[in-house]
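Visitor: Sequence:
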Amino acid sequence: AGAAVGYCNVAQAAAAIVQAFRPADAKRALGNTALAQRSFGFDDYVAVIVAQLTTAAALRADAARATGEILDSGLFDFAFHDNAPHNDGRSTRAAVRAYVARGQKGLVRYNPRPGFNEGVARSRMSQPGPALMTPHSAATHRCVVLPDTPVRMTGPALRAAVHLHLHYPELAEEFVALLASARQRPGVRSAPAPLDIVVTTTSDRRRLEIEYAFRAYTPGTVRVLVGPNRGRDIGPFLTDAGRLLRDGGYDVVGHLHGKRSLAVDAAMGDRWRSYLMGTLLGGAAGLSGIFDLFARDPLLGLVFAEDRHCVGWGKNKPFAAGLAGRLQPPAAVPDWPIFPIGTMFWARPAAVLPLWSSGFVSQDFPAEPLPYDGTVLHAIERMLPSVCEATGHGWCTVYRKGAGW
Numbered sequence: 001a002g003a004a005v006g007y008c009n010v011a012q013a014a015a016a017i018v019q020a021f022r023p024a025d026a027k028r029a030l031g032n033t034a035l036a037q038r039s040f041g042f043d044d045y046v047a048v049i050v051a052q053l054t055t056a057a058a059l060r061a062d063a064a065r066a067t068g069e070i071l072d073s074g075l076f077d078f079a080f081h082d083n084a085p086h087n088d089g090r091s092t093r094a095a096v097r098a099y100v101a102r103g104q105k106g107l108v109r110y111n112p113r114p115g116f117n118e119g120v121a122r123s124r125m126s127q128p129g130p131a132l133m134t135p136h137s138a139a140t141h142r143c144v145v146l147p148d149t150p151v152r153m154t155g156p157a158l159r160a161a162v163h164l165h166l167h168y169p170e171l172a173e174e175f176v177a178l179l180a181s182a183r184q185r186p187g188v189r190s191a192p193a194p195l196d197i198v199v200t201t202t203s204d205r206r207r208l209e210i211e212y213a214f215r216a217y218t219p220g221t222v223r224v225l226v227g228p229n230r231g232r233d234i235g236p237f238l239t240d241a242g243r244l245l246r247d248g249g250y251d252v253v254g255h256l257h258g259k260r261s262l263a264v265d266a267a268m269g270d271r272w273r274s275y276l277m278g279t280l281l282g283g284a285a286g287l288s289g290i291f292d293l294f295a296r297d298p299l300l301g302l303v304f305a306e307d308r309h310c311v312g313w314g315k316n317k318p319f320a321a322g323l324a325g326r327l328q329p330p331a332a333v334p335d336w337p338i339f340p341i342g343t344m345f346w347a348r349p350a351a352v353l354p355l356w357s358s359g360f361v362s363q364d365f366p367a368e369p370l371p372y373d374g375t376v377l378h379a380i381e382r383m384l385p386s387v388c389e390a391t392g393h394g395w396c397t398v399y400r401k402g403a404g405w
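Going by the working numbering, the residue at position 30 of the sequence shown is 30; the numbering climbs one at a time, nothing skipped.
Wrong hints could be hidden among the right ones.
Pairs of lysine to any residue, SDA-like flavour, derived with a Cα cap of 25 angstroms [what the hints assert, rightly or not]:
id : residue 1 : residue 2
1  : Lys105    : Gly115
2  : Lys401    : Gly106
3  : Lys259    : Thr202
4  : Lys259    : Pro371
5  : Lys259    : Arg296
6  : Lys401    : Gly74
7  : Lys317    : Arg142
8  : Lys105    : Arg90
9  : Lys105    : Ala57
10 : Lys259    : Val361
11 : Lys259    : Lys401
12 : Lys105    : Ala58
13 : Lys259    : Glu173
14 : Lys315    : Gly106
15 : Lys259    : Pro228
Just so you know, the hints here were simulated from the structure itself, not pulled from any lab data.
Work the whole structure out from these sequences, hints included.
Guide: This is how it looks when you write it as structure tokens:
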């Protein structure tokens, strides 16, 4: 309803506004008392409370039953789920209770064990609940626990290279030490295979710092490339560095970077990078622990770190759909992604060839500063296993017992 009043007639306008908000006859007849009796009658109020109490009691009984069954199954890994090395019965029971309570609310936060992704399992359920209670809930994907001792590879040495993106050149010395140490672990007598390095960075000043840090690196060749500050770490992997890795005749290529998330505090970023480096460089087994997986399985195309954090699509699924249509062969867009959180991994060149062949250039990637979520870069990160599968290869995660961030 509306009203027309004289031009600049404030009194008429005020009267029209009052009339517009005056209750209609039917509503006036009903009155506030009748409204309250109809909507909040005592009998109805009691019935609602009883129904809510009945539902709460049923949920509590279901939670107690689920907690007991999960504890009895032995499938819940407290140290992994809570990133807490010290364990006792009370702590485990409390963690399982919290896990079950989140499941009843349909919430996803942490995975309950290595090799089990809560989001994937939950996407297959018809109603909320703890996913670890579903049939065949021991695993959703292949997860390999890295050995605690160096691995002696029995097959031929793999020719390997790693792409290292360093926007922060002060981390170069750390990577020199990590890569050199990971190639040769104490107790392994056989000579380690060469490991070539392709470093990308974003300015000539940074290039000079990186070249100086790697001046004494002798296990393989080192090339430092300068490119625009677009695409973060994965952009250079798909463009300048990708051409060298694709055409280099390598059996396995790695993608690492000086992880520093601006979305979290510096200490957490350092813990995250330390966890990924310690895992992807093989832990106590060194790189032989990673390369042996590829040597034993010619169809293994991608290896990345297992992570207790359960991260879904966020705002990135539309970008993933666009990416899938760009690739040949096309990659499937899963309901819930399992992916290398932090975008660090090892791969066979053939398993990532669709990305290298898709014609990406730096202008395809958004300029800095990037949003926290919702870009093609986040979509590429989440689509890596699907790209691998589209080429006919499999993938797995790797995990070091007791490691987390």
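Visitor: For which of the previously enumerated hints does the structure constitute a violation, in increasing order of number?
Guide: 2, 5
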